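J.: Listed below are the residues making up each chain.
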Amino acid sequence: MINMTDISKSFSGNKVLKNVHFTLEKGEIHALMGENGAGKSTLMKIMSGIYTRDSGTVEVKGEQVNFTSPKQAEEAGIAVIHQELNILPHLSIADNLFLGREETIGRTGILKTKQMEKKTRQILGDLGLDINPSDPASTLSVGKQQIVEIAKALSVDAEVIIMDEPTAALTDREIDSLFKTIRELQKRGVSFIYISHRMEEIFSLCDRITILRDGEFVGERKISETSFDEIVQMMVGRELGERFPERNSEIGEVKLSVKGLKRKDCFEDISFELRRGEVLSIAGLMGAGRTEVAQSLFGYKKLDGGTIEFDGKQVKIDTPRKAKEMGIGYVTEDRKSEGLVVDFSVEENVSMTNFAAISKNGLISKDKERKLYDTMVKRLGIRTSGPDQAAKSLSGGNQQKVVIAKWLGIEPKLLILDEPTRGVDVGAKKEIYSIINELAERGVAILMISSELPEVIGMADRVLVMHEGKITADLPKQEMTQERIMHFATGGGKLAVEDQ
Amino acid sequence: SMEAPGSSSEEESGDGGEASGDYTIGFSVSTLNNPFFVTLNEGAEEKAAELGATLTVVDAQDNASKQASDIEDLIQQEVDLIMINPVDSEAVAAAVESANSANIPVITVDRSAAGGEVVSHIASDNTAGGEMAAEHLTSIVGEGAAVAELEGVPGSSAARERGEGFNKIAAESLDVVAKQTANFNRSEGLSVMENILQANPDIKGVFAHNDEMALGALEAIEASGKDIAVVGFDATDDAVKAVEDGRLDGTIAQKPEMIGEMAVEAAVQSLEGEEVEASIPVELELIK
Amino acid sequence: MQLKTNNQSMLQKIAPFIGLILIIVIITALNPGFLSVSNLMNVLRQVSINALIAFGMTFVILTGGIDLSVGATLALTGAVTAGMMASGIDPIFAMLLGLLLGAVLGAINGFIIAKGKVAPFIATLATMTIYRGLTLVYTDGRPISGLGDSLTFQMLGKGYFLGIPVPVVTMIISFGVLYFILKKTTFGRRVYAVGGNEEASILSGINADRIKIYVYSLLGLLAALASLILTSRLNSAQPTAGEMFELDAIAAVVLGGTSLTGGRGWIVGTLIGALIIGVLNNGLNLIGVPSFFQQVVKGAVILLAVLLDRKKTA
Amino acid sequence: MQLKTNNQSMLQKIAPFIGLILIIVIITALNPGFLSVSNLMNVLRQVSINALIAFGMTFVILTGGIDLSVGATLALTGAVTAGMMASGIDPIFAMLLGLLLGAVLGAINGFIIAKGKVAPFIATLATMTIYRGLTLVYTDGRPISGLGDSLTFQMLGKGYFLGIPVPVVTMIISFGVLYFILKKTTFGRRVYAVGGNEEASILSGINADRIKIYVYSLLGLLAALASLILTSRLNSAQPTAGEMFELDAIAAVVLGGTSLTGGRGWIVGTLIGALIIGVLNNGLNLIGVPSFFQQVVKGAVILLAVLLDRKKTA
Ligand SMILES: Nc1ncnc2c1ncn2[C@@H]1O[C@H](COP(=O)(O)OP(=O)(O)OP(=O)(O)O)[C@@H](O)[C@H]1O
Ligand SMILES: Nc1ncnc2c1ncn2[C@@H]1O[C@H](COP(=O)(O)OP(=O)(O)OP(=O)(O)O)[C@@H](O)[C@H]1O
Ligand SMILES: [Mg+2]
Ligand SMILES: [Mg+2]
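Protein chains in written order, with my numbering: chain W, 1 to 500; chain R, 501 to 788; chain E, 789 to 1102; chain Z, 1103 to 1416.
Looking at chain W on its own, in the form it has when it is part of the complex:
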């Protein structure tokens, strides 16, 4: 179906792909894996005509092609769901679905709005989404927006569909219905290239897997003939060992105690306690209100009610600045738009939360700044080419570490981590888990929001489950199972049935 040979690509002198091979057969689901920055997205962008390759050949159905625009690739039957969401929030859902290939009356350019809306309802209905096609896309949750993107790719009758981390923002239920659709299309002969950092997905969905490391082709395997460990080994080039490292922390006195927190239209009646050295996780479906709770605790969003006690004293946190001064750190869920100044260097990003430590009377001490940077890079194992490397040129995992580094500098007493491993490869994930453990061992109270249930179960001492803005369960370690958490996350009552 597709045959890519000897593909190379550099960005301003930096070789990102080195003689990579990739073959896709008709009707297969082919996984593409590799660490952050291995070159997966770049390879796919070359295939779909967004980037031009420096060398190598691309054949589609035996014919050599040179796409220069996504339109051409689409005409050749290749559709792409990009890693970044490409939804236009102010256009309607139907407009988004048909963007760039609107249905018109003849060639007049006059839209057949009704017809497109009808089709939208039908296409999304098939994916289990019941929505009003004329609503603005911004009214959808991120997960549902992702489904619109998927529908967009599915609806062009493509023969090849490339999915670059389509599930990073989806709930388990949404993932299930996506997989069902993929398998159905597979039966009709559609081929898929599937990029994900989630091992479980790869093994349950895909037929074959190609692995990249540092822009190089490492190998290709049949899923049925390989193992979890082998793939990790190929990806990171070494044994990784246990996925969730050990933690020996002592859970101490109550650090944070909140009662009846409320924010209009977002959440209500949020009460919990968090102790020193404890890792408390908040699980729930996309849009359950977890991020809102975190941001309200951090003073970024206004609370409409409830009390917060920090170290036993009642406090009012109305700006992030105040939270920071109290020793609270917040690693945001969206590192690019909320965590980093992407044009800043790594060093400058680390400094952003630490001006107090690196300056005197408003003057920045270059030495202290560099020392802070060195300490953090060493402590977190951030792989940079130097303090001046722009944050945007780091791989996702390293970007995430930089965001964490920002907050370690203030020696936080409470660290809120919102989806700390979203879009991060297995190797970096493990490193982040180790950092979390180390912090907890030092007595830092950790509040970790996560949508990945294995991670919640592997890391948390206790889990709060949220559903539509309310806490539906507070489970200790021994009661955590995926099924129980999902049960409460989807709104199941307190009297949960024991694991089916």
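The set of hints was computed from the structure by calculation and includes no laboratory data. Honestly, I wouldn't trust all of these hints.
Partner residues aside, some chain Z positions facing chain E, computed with beta carbon under 8 angstroms [stated by the list, open to error]:
#1 I1214
#2 G1218
#3 G1235
#4 L1236
#5 G1243
#6 S1247
#7 M1346
#8 L1349
#9 L1362
Only a predicted model underlies this, so the values are computations on that prediction, with no experimental measurement involved. Ideal Cβ placement from N, Cα and C applies to all residues, glycine included.
We have chain W; now place chains R, E and Z with the ligands onto it with these hints.
T.: Coordinates of chains R, E and Z with the ligands only, in the frame set by chain W:
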């Protein structure tokens, strides 16, 4: 009922019994961003107060289309008479015609209108002023001397007419070695003059299209320590004082205050039913 | 939640309209003459020129752009058209050439911005200077008059159609056409898309560069149309015509609720915005506010209006 | 990679400088007098006012903002200071009050933008109108002169210090201080951060609103300083002073390579940008280019410069 503007004014002709104090006169002035017109306007306002007439002033901000709108607004207000100080003679014609068809008499001030009927035109002649300035400058710097000309806002009528008059005489009696615009603006007058002095250190005189630029040029010249004659235009307070102090060598007085006063006088006379001259010249005066 | 969002955006859409009504009420209270049919026609005629430009500016701003050169475009096209007419070229032909010139000047802007990747603000700041300069060179700084008495040309600025001034009719027709384009055609949809997220639009196969060039051309065309009306009304073309028109047009667009960051807005709002500015100009004259204060009042009203209708830029 | 990026951005940083040199070479070829010491001093003195404003504008643009009201701020502070001086208030005291007024007018802009969440373009468009109107109201449309002969005041615009015009000295000192602030202080870093990513800055505990209010105040202060120099040079305050200064200042900033979207740029570039504009103004006069053509040339040079130094806005 769809009436055209201007056809709605029949009712207004019935108010002939007004005492002179009750007249409302509209005054569309080209700009109040310029001391000359500010002074002209003040002359008009003082005279109106003295005669007991109400003067409604609208400022076109040197924008011909805003002036057209302003005049339409005055017609809507059903003023008894409109005095217009046109931004541009051609462009104002249509507005004058609208006023005519609304039976509102029009008096033009300082600049004429190229169309429509006006009761009277009160002005002093910019072109003649430019000539006067050239003659005066020649008398100071001598025949054939090198001089510079600081031009007003490109495209404005004052810049055009004053420049025309000046160049008509200067073509024969002077050597205009540099011509640059300083946009009627004092600070540009300063910097443009500085630049001209760099390029033409030997000039003997400068004619500026208004006093603002002349005073700016004066600062540049004084800072350079050179002895160069400067003649301005408008006789603003600052300029007259500079002439008295012996810094400025002359300015052409158009007596804006008097233009304003005479315009209102003519307006009231005409409203009282008296005859007014179709053209009332306000003489120019060289202040030196 | 759902309902909430819609209500809120509805309110935001209606805010400019409420503002307009409020201003009208205040002015009428101070001078009832404001509401006379003849004055309303008068206001509409005055509004028409700014409205036409502001309609085009809406397209440009929706793509996330801005055009500071539009006043200069108006001056240059007006001068060239008048020049052709004065030199005896068939008026209709001259006017068509004028419209074409406007579109070309706009396309130049669009080209520099799209292909040259220059920020719209600075690109059109530069072309503003250039177009103004060319106008002065072409006219030699003098107004051009003696435009003949072509009926079509005279009607354009001064005529009436069924009792309505022709410029107002022109404005209404243009509004209808542009409203339709923005709302019902792929082009309109793509204008929103490019302004909403250029990257995403390109990935959807939209030729963003082409859309940009088109919107600036459209604005240039509308500026040329406005210049014809203005030239007809004034019976001459002024070299200094259109100064600051760009700012009035931008103000109208923003007052109407269109976001300067692109992707969000509507042309109905722009019409209302233009009406607010026009009513204000007319009303302040009618009430007899001293001219120095008019600027203060105008600025304050604009500020107040956007503050009330404030949009979270984040 | 690293090296490459730096090289590239180095080239981008150097581009404006090369442009400046090129323009100087051309002008000198046409009129060698350009390079005389007296003319260079002359150019620097003329540049100083725009440069001061452009320095402040750099801070504003780095935060992702813009300020159209700066020319009006200059006019209003100049008029009020001159008014105080003319009425016999101690000149030094009057000047200090003038500087304070500038900062306050700037702070008002900052406040509207930060707290009112109004787009900077439209907020400062409104305050521009208001400040201009207030200037006219205050001055009654007339220049204010008779400012006494305070030596300090006279020196400010007309004096020399070691043979260098005082305005140039003021510009150099301001440049040094502002360069230092931007480069070495937490405030400078925060300015870049807010422009680079406002969300991330706030979430890092930076008070973005306060930074914004500060940068607009700083610009207001610098505009007031420029107004003092201008008033001193002209020995009077003009109600129309500073018209279009905002555009020259923005052009200087952009020519210097600072991005209008914020977060990226440097003040050295702004100085070079201001010099380009100043040299152009002076040079075109020196060469004797007819005034109508000057605009065309100026616009074309600006366009060319940004095209060569074009930045991918995406
Ligand atoms: N437009 C670009 N300009 C410069 N460098 C780029 C560009 N796009 C990608 N890169 C670099 O190329 C390398 C590969 O990036 P790519 O996005 O393909 O990685 P990936 O395997 O998709 O990683 P992830 O799992 O984080 O999505 C990275 O080092 C990245 O920084
Ligand atoms: N900026 C916003 N405007 C409107 N609604 C919002 C906004 N941000 C969040 N919401 C809504 O608030 C609710 C809670 O969202 P929140 O982001 O806190 O959920 P979450 O559980 O953290 O999910 P996620 O995994 O997506 O972060 C959702 O209904 C979401 O759609
Ligand atoms: Mg990727
Ligand atoms: Mg979240």
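J.: Report holds or violated for the interface hint on I1214/Z, using the least CB-CB distance to chain E and a cut-off of 8 angstroms.
T.: It holds, given that the least Cβ distance between I1214/Z and chain E is near 7 angstroms, below 8 angstroms.
J.: Tell me if the interface restraint on L1236/Z is satisfied: Cβ within less than 8 angstroms of some Cβ in chain E.
T.: OK, holds: L1236/Z within 8 angstroms of chain E, min 6 angstroms.
J.: Regarding the hint that L1362/Z lies at the interface with chain E, is the smallest CB-CB distance below 8 angstroms?
T.: Constraint on L1362/Z satisfied, holds at 5 angstroms.
J.: With chain E as the partner, please determine if G1218/Z meets the hint condition of a C-beta pair closer than 8 angstroms.
T.: Cβ of G1218/Z sits 5 angstroms from chain E, so the hint holds.
J.: Hint check: is the beta carbon of G1243/Z less than 8 angstroms from a beta carbon of chain E?
T.: 7 angstroms, holds
J.: Classify the hint on G1235/Z as holds or violated, based on whether any CB of chain E lies nearer than 8 angstroms to its CB.
T.: It holds, given that the least Cβ distance between G1235/Z and chain E is near 3 angstroms, below 8 angstroms.
J.: Min Cβ distance, M1346/Z to chain E: is it shorter than 8 angstroms?
T.: Hint violated; M1346/Z Cβ to chain E Cβ min 10 angstroms, cut 8 angstroms.
J.: Per the CB criterion, is S1247/Z less than 8 angstroms away from chain E?
T.: It is violated, given that the least Cβ distance between S1247/Z and chain E is near 20 angstroms, above 8 angstroms.
J.: Classify the hint on L1349/Z as holds or violated, based on whether any CB of chain E lies nearer than 8 angstroms to its CB.
T.: Hint holds; L1349/Z Cβ to chain E Cβ min 6 angstroms, cut 8 angstroms.
Of the numbered hints given earlier, the model fails hints 6, 7; all others are met.
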